[in-house]
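4 protein chains.
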Amino acid sequence: MAEDESETAWPDISGHIHEGRHVLPVRVYFEDTDFSGFVYHASYFRWCERGRSDFLRLAGIEHAALAGGVHNGEPCAFAVRRIGADFLKPGRIDDILEVQTVARASTKASITLSQTIIRGAAPIFTLEAQCVLVSFSGKLLRIPNELLARIPQLSS
Amino acid sequence: MAEDESETAWPDISGHIHEGRHVLPVRVYFEDTDFSGFVYHASYFRWCERGRSDFLRLAGIEHAALAGGVHNGEPCAFAVRRIGADFLKPGRIDDILEVQTVARASTKASITLSQTIIRGAAPIFTLEAQCVLVSFSGKLLRIPNELLARIPQLSS
Amino acid sequence: MAEDESETAWPDISGHIHEGRHVLPVRVYFEDTDFSGFVYHASYFRWCERGRSDFLRLAGIEHAALAGGVHNGEPCAFAVRRIGADFLKPGRIDDILEVQTVARASTKASITLSQTIIRGAAPIFTLEAQCVLVSFSGKLLRIPNELLARIPQLSS
Amino acid sequence: MAEDESETAWPDISGHIHEGRHVLPVRVYFEDTDFSGFVYHASYFRWCERGRSDFLRLAGIEHAALAGGVHNGEPCAFAVRRIGADFLKPGRIDDILEVQTVARASTKASITLSQTIIRGAAPIFTLEAQCVLVSFSGKLLRIPNELLARIPQLSS
Chain A
1018 MAEDESETAW PDISGHIHEG RHVLPVRVYF EDTDFSGFVY HASYFRWCER
1068 GRSDFLRLAG IEHAALAGGV HNGEPCAFAV RRIGADFLKP GRIDDILEVQ
1118 TVARASTKAS ITLSQTIIRG AAPIFTLEAQ CVLVSFSGKL LRIPNELLAR
1168 IPQLSS
Chain B
1018 MAEDESETAW PDISGHIHEG RHVLPVRVYF EDTDFSGFVY HASYFRWCER
1068 GRSDFLRLAG IEHAALAGGV HNGEPCAFAV RRIGADFLKP GRIDDILEVQ
1118 TVARASTKAS ITLSQTIIRG AAPIFTLEAQ CVLVSFSGKL LRIPNELLAR
1168 IPQLSS
Chain C
1018 MAEDESETAW PDISGHIHEG RHVLPVRVYF EDTDFSGFVY HASYFRWCER
1068 GRSDFLRLAG IEHAALAGGV HNGEPCAFAV RRIGADFLKP GRIDDILEVQ
1118 TVARASTKAS ITLSQTIIRG AAPIFTLEAQ CVLVSFSGKL LRIPNELLAR
1168 IPQLSS
Chain D
1018 MAEDESETAW PDISGHIHEG RHVLPVRVYF EDTDFSGFVY HASYFRWCER
1068 GRSDFLRLAG IEHAALAGGV HNGEPCAFAV RRIGADFLKP GRIDDILEVQ
1118 TVARASTKAS ITLSQTIIRG AAPIFTLEAQ CVLVSFSGKL LRIPNELLAR
1168 IPQLSS
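Protein chains in written order, with our numbering: chain A, 1018 to 1173; chain B, 1018 to 1173; chain C, 1018 to 1173; chain D, 1018 to 1173.
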């Protein structure tokens, strides 16, 4: 089965975007919890990164392509520059959660995404992340217009 | 949205069992890779644990229920006792992989699962895990017959 | 070798506190990096948690004791309620970093810690974390006076 | 403080080798545990990787140098090819453990390391790992003689 067939076989694997809002389901496994019985605090950051990756993927921006230098001739990746986060309720083993992602602001210098993790209808974690584009040699890059133009906008 | 509605909304979230073989898709994210550019070796163990969890879940055995003492009156969890693993090919960022899980042997003392991670049709990692049931106070427990009876058997 | 002997054998294992400032060294390993070649963003949160744990440990507050209900009769653990973080420079494989931790504010409701990760003399990451005490059944607890009294204060 | 000064400031940071046996202390933190209250199974693999890295480091083989192509002109890293592991006793939060590493066999094709994690005098986990050298483009490389010659041998 080739890559394209995998995506056909698992149509939800990257979540879905609707009116500029991306939703990705995540399951809470052993690896995500700690001895307190709740979700380990850094797991929420991992899940939000998955949400950001699939938000960009569905917009046609893949890490492998950035790393291959496709977009601006230089191997690069998005990196987090600043994060603010609120832990509202604890997640637990076996929970099914949803990571919601929307774009707040996009400039040549950075993209700011706002993310909420919900269980059922209840938010349990919120995050705002300012992301920048960094070359593999460590330089801050301008985000090319062709990438900025692909970022889905929230229809409010 | 309640838990049951989440499972309805994301029908693939726990993978699928067909003729005793469980399949769970996983995406390779930032968190799964390391500076070599490939998948970090311990990520394969995390993915296989997800596969084992969902294999058991679809058989009606949930971690939260075990932790709640539902099955044998004592809070407990499955734990790995022995692992053998072969790393055949490197996984890479953005890959969609599938974790396949089958039961090899089930006794009152342990359950042995055989797992293969594939990309397309090619196996990239294989693992055999012997799992035991351990109480939260650290005692080895017999696996109740009602649990053993639920373990799907491979139709060969 | 008993636990006490381990601490004698490795005198730096929990870092050191000097004038209210705790310092813990961390090495960057495979597990901490991602395919970009730099440190994975959530690794900084794991390291800062290690710093907070050892800051409290050297103040005589151990997770195992909290989990055993020693301090207030109820099994509990510190949990993060809010985090703000700035990623200043990328960490790299083999780096030796230092996590610095100081207490900013301590009340019956929460303890706020300010943390900086440095490489050589240069800060590469800063974090402010508001921490609360949560019972294993999920209740927010008052932080006992005897614990608050132990929190080292920065001599400014 | 430069890198060399960091190593001076924290003389135990890479553990120690004595008569061919490397020992690295590790502390059990939140990140290493799961909801069962014990250490998460894949944490042992992360710790053993730290032990292997520092075993090689003290032998004069650094990841950053391999990645920079210093040893054989091609960016490369050691990768695990095969692992066998036994989980003997559960680790717990706050434990101080020691990762012991010795070389079993070294050829141009692979290096096999034998590792034991102990708490006090008691082994809680054992692992045997066969490691190979892989270029960043994915090719299996011969291990240069100058590297093989540096691998400490166990004096039995």
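Hints are supplied without guarantee of correctness; some may be wrong.
Intra- or inter-copy, both count: the list cannot distinguish identical chains.
[To be verified] SDA-like cross-link-like pairs, simulated, lysine to any residue; straight-line CA separation at most 20 angstroms:
1) K1125 <-> T1143
2) K1106 <-> L1165
3) K1156 <-> I1141
4) K1125 <-> S1031
5) K1156 <-> H1033
6) K1125 <-> H1088
7) K1106 <-> R1038
8) K1106 <-> P1140
9) K1156 <-> A1081
10) K1106 <-> S1031
11) K1106 <-> A1126
12) K1156 <-> A1084
13) K1106 <-> T1129
14) K1125 <-> E1145
15) K1156 <-> Q1117
Since the hints were derived computationally from the structure, they do not count as laboratory data.
So, going through the hints one by one against the coordinates:
1. Taking the closest pair of Cα atoms, K1125 and T1143 never come within 20 angstroms of each other, the shortest separation being 25 angstroms inside a single copy and 24 angstroms across copies.
2. Taking the shortest alpha-carbon separations for K1106 and L1165, neither the intra-copy value of 34 angstroms nor the inter-copy value of 24 angstroms comes in at or below 20 angstroms.
3. Taking the shortest alpha-carbon separations for K1156 and I1141, only the inter-copy value of 15 angstroms comes in at or below 20 angstroms, while the best intra-copy value is 35 angstroms.
4. When the C-alpha separation of K1125 and S1031 is checked against a cutoff of 20 angstroms, the pair qualifies neither within a copy, at 26 angstroms, nor between copies, at 39 angstroms.
5. Taking identical chains as interchangeable, the C-alpha atoms of K1156 and H1033 are never at most 20 angstroms apart, the minima being 32 angstroms within one chain and 35 angstroms between chains.
6. Taking CA atoms no more than 20 angstroms apart as the test, K1125 paired with H1088 passes inside one copy only; the shortest distance there is 14 angstroms, against 40 angstroms between copies.
7. Proximity of K1106 to R1038 under the C-alpha cut-off of 20 angstroms is found in neither arrangement, the shortest distances being 22 angstroms within a copy and 30 angstroms between copies.
8. Taking the shortest Cα distances, K1106 and P1140 sit within 20 angstroms of each other inside one copy (8 angstroms), while across copies they are farther apart (32 angstroms).
9. Taking the shortest Cα distances, K1156 and A1081 sit within 20 angstroms of each other both inside one copy (18 angstroms) and across copies (19 angstroms).
10. For the homomeric pair K1106 and S1031, neither the shortest alpha-carbon distance inside one copy (25 angstroms) nor that between copies (24 angstroms) is at most 20 angstroms.
11. Taking identical chains as interchangeable, the C-alpha atoms of K1106 and A1126 lie at most 20 angstroms apart only when they sit on different chains, with a minimum of 16 angstroms there against 33 angstroms within one chain.
12. Taking identical chains as interchangeable, the C-alpha atoms of K1156 and A1084 lie at most 20 angstroms apart whether they share a chain (14 angstroms) or sit on different chains (19 angstroms).
13. When the C-alpha separation of K1106 and T1129 is checked against a cutoff of 20 angstroms, the pair qualifies only between copies, where the shortest distance is 19 angstroms, while the shortest distance within a copy is 24 angstroms.
14. In this assembly of identical chains, the alpha carbons of K1125 and E1145 lie at most 20 angstroms apart only when taken from the same copy (18 angstroms versus 28 angstroms across copies).
15. For a Cα distance limit of 20 angstroms, the shortest separation of K1156 from Q1117 qualifies neither inside one copy, at 30 angstroms, nor across copies, at 27 angstroms.
Comparing the model with each numbered hint stated earlier shows that hints 1, 2, 4, 5, 7, 10 and 15 do not hold.
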